[in-house]
Amino acid sequence: MILVVDFGSQFTEVLHRVVRDAGAQVKVVSAEQFSSPELKANSNINGVILSGGPHSVYENEAPSIDPYWLNGERPVLGICYGMQLMAHVLGGKVGKGSKAEYGPAQLIYGTETTEFFPPETLEGQVWMSHGDHVSHLPPGFTCLAKSHDDLFAMIAQPEKKLFGIQFHPEVVHSENGKELIKHFIHSICAVRITKSDSNRLDTAESLLKQQLTQLDTHGDIICALSGGVDSTVAATLVSRAIGDRLHCIFVDTGLLRKNEFESTLTMYREKLKLNVHAVNASELFLDRLKNVSDPEQKRKIIGATFIDVFERESQRFNACCALVQGTIASDVIESSHSSAHAQVIKSHHNVGGLPER
1 MILVVDFGSQ FTEVLHRVVR DAGAQVKVVS AEQFSSPELK ANSNINGVIL SGGPHSVYEN
61 EAPSIDPYWL NGERPVLGIC YGMQLMAHVL GGKVGKGSKA EYGPAQLIYG TETTEFFPPE
121 TLEGQVWMSH GDHVSHLPPG FTCLAKSHDD LFAMIAQPEK KLFGIQFHPE VVHSENGKEL
181 IKHFIHSICA VRITKSDSNR LDTAESLLKQ QLTQLDTHGD IICALSGGVD STVAATLVSR
241 AIGDRLHCIF VDTGLLRKNE FESTLTMYRE KLKLNVHAVN ASELFLDRLK NVSDPEQKRK
301 IIGATFIDVF ERESQRFNAC CALVQGTIAS DVIESSHSSA HAQVIKSHHN VGGLPER
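All residue numbers for the sequence shown refer to this note's numbering, where the first residue is 1 and numbers rise by one.
These aren't lab readings, by the way, just hints derived from the structure by calculation.
A virtual CB, placed ideally from N, CA and C, is assigned to each residue, including glycine.
Treat the hints with care, since some could be wrong.
Okay, derived cross-link-like pairs now, DSSO-like style, lysine-lysine, Cα gap no bigger than 30 Å in a straight line [claimed, not checked]:
{"hint": "1", "residue 1": "Lys290", "residue 2": "Lys273"}
{"hint": "2", "residue 1": "Lys160", "residue 2": "Lys27"}
{"hint": "3", "residue 1": "Lys298", "residue 2": "Lys209"}
{"hint": "4", "residue 1": "Lys290", "residue 2": "Lys300"}
{"hint": "5", "residue 1": "Lys300", "residue 2": "Lys258"}
{"hint": "6", "residue 1": "Lys178", "residue 2": "Lys93"}
{"hint": "7", "residue 1": "Lys209", "residue 2": "Lys273"}
{"hint": "8", "residue 1": "Lys258", "residue 2": "Lys271"}
{"hint": "9", "residue 1": "Lys273", "residue 2": "Lys258"}
Here are the simulated distance ranges between beta carbons [said to hold, decoys possible]:
{"hint": "10", "residue 1": "Pro118", "residue 2": "Gly254", "range": "49 to 57 Å"}
{"hint": "11", "residue 1": "Arg192", "residue 2": "Asp244", "range": "25 to 33 Å"}
{"hint": "12", "residue 1": "Lys40", "residue 2": "Arg357", "range": "24 to 32 Å"}
{"hint": "13", "residue 1": "Glu283", "residue 2": "Gln315", "range": "18 to 26 Å"}
{"hint": "14", "residue 1": "Gln211", "residue 2": "Glu311", "range": "17 to 25 Å"}
{"hint": "15", "residue 1": "Ser64", "residue 2": "Glu283", "range": "40 to 48 Å"}
{"hint": "16", "residue 1": "Asp294", "residue 2": "Met1", "range": "36 to 44 Å"}
{"hint": "17", "residue 1": "Lys258", "residue 2": "Asn60", "range": "50 to 58 Å"}
{"hint": "18", "residue 1": "Gln315", "residue 2": "Glu262", "range": "19 to 27 Å"}
{"hint": "19", "residue 1": "Gln25", "residue 2": "Gly254", "range": "40 to 48 Å"}
{"hint": "20", "residue 1": "Ile328", "residue 2": "Leu255", "range": "15 to 23 Å"}
{"hint": "21", "residue 1": "Cys143", "residue 2": "Tyr58", "range": "21 to 29 Å"}
Just need the whole structure built from these sequences, with the hints factored in.
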């Protein structure tokens, strides 16, 4: 298993996905969970990836790590803030640059780099997003690559298999970043591939059937349908898993395109064979949004109103025991629900806009 430590990066869920797609088991933990004795004693952890984050290592409330994890027992890859934190804890220095690096960059790397990472994983564009940078390396570390601004972009302590990279390899803007992560997982951490994509659909259906039938074998399950891809995929998967127990609620908010509600409803019923209950709540939504101009406030109003409609309509069915909602990783990331240290990009109506209940 690869352990991913979330220091508040907006890319943590993306990193989670990249590691999982590389064939490794992966567990994401917070900075606070990272210090637990249970994790230290877990012999199934082959390697650790420290995520980026919005903090400076010198802030009073900045998340930190136990030096235990940097003793060489397991390989560690620090990304952005993770690299700065690793250097700081081990006696290096982190400083403010004369300017932040944000956006595409090219690496300038030396011949020793290829001892640890193949050249093809380092070629092409990478994505930078940082203000602070490592200004002095910790004892025992060497520079593997610099950015075009002559800042440390890759560092390593080979004997302890500690590696730091200032850029974000997990995002698509880093052209060969996924290959770099795969190399770390398979070649440095010696993780074996545990699965392939070929059975992903069957696995998803099997897991859904197992989880949903455990809730209540007699109660109904409702699914929130918006008309978009995310909720449609969720509804289709759950319908294939539990059949007629699923009741989809498709709400006309008054915010869809002209005639879109009707055409989508027809597609749901005739092509996907979903059991759909249609609700015209456009007057309610538009009334609550009247005179509201702030986009963040609008999203929260929409999320809360959706829940009000689902609660009301669920009374039509038999003792509903679950609400199914299709939510993609980027919505979770931007709404910043994955970590106490993350910053909000925007609250999505299906994540950050939901009431506590």
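Evaluated hints:
Restraint check for Lys290 and Lys273: not satisfied, since their Cα atoms lie roughly 36 Å apart, outside the 30 Å limit. Distance hint between Lys160 and Lys27 is fulfilled; the C-alpha atoms sit about 22 Å from each other, no more than 30 Å. Between Lys298 and Lys209, the direct Cα distance comes to roughly 35 Å. Violation of the 30 Å bound is thereby established for this hinted pair. For the hint pairing Lys290 with Lys300, the CA-to-CA distance comes to about 14 Å; that is within 30 Å, so the pair holds.
For the hint pairing Lys300 with Lys258, the CA-to-CA distance comes to about 24 Å; that is within 30 Å, so the pair holds. Of the pairs offered as hints, the one joining Lys178 and Lys93 holds, with about 28 Å between alpha carbons and a cut-off of 30 Å not exceeded. Only pairs whose Cα atoms come within 30 Å are accepted, and Lys209 paired with Lys273 is accepted, the gap being roughly 18 Å. A threshold of 30 Å between alpha carbons decides the hint, and for Lys258 with Lys271 the separation of about 21 Å falls inside it, so the pair holds.
Between the alpha carbons of Lys273 and Lys258 the distance comes to roughly 23 Å, so the proposed pair stays at or under 30 Å and holds. Roughly 54 Å separates the CB atoms of Pro118 and Gly254, a value that falls within the hinted 49 to 57 Å. For Arg192 and Asp244, the hinted distance range of 25 to 33 Å is not satisfied, since their beta carbons lie about 41 Å from each other. Remark: the range hint 24 to 32 Å for Lys40 to Arg357 is contradicted by a beta-carbon distance near 37 Å.
The hinted window of 18 to 26 Å between Glu283 and Gln315 holds, with their beta carbons roughly 20 Å apart. In this structure the hint that Gln211 and Glu311 lie 17 to 25 Å apart at CB holds, the actual value being about 22 Å. Against the hinted window of 40 to 48 Å, the Cβ-Cβ separation of Ser64 and Glu283 comes to about 52 Å, which falls outside the hint. Evaluation of the 36 to 44 Å hint for Asp294 and Met1 yields a pass: the beta carbon distance comes to about 43 Å.
About 54 Å separates the C-beta atoms of Lys258 and Asn60, a value consistent with the hinted range of 50 to 58 Å. Taking 19 to 27 Å as the suggested C-beta distance range, the pair Gln315 and Glu262 conforms, at roughly 25 Å. Distance hint check: the CB atoms of Gln25 and Gly254 are about 45 Å apart, consistent with the given range 40 to 48 Å. Separated by about 19 Å at the C-beta atoms, Ile328 and Leu255 satisfy the suggested range of 15 to 23 Å.
The supplied range of 21 to 29 Å is met by Cys143 and Tyr58, whose beta-carbon atoms lie about 22 Å from each other.
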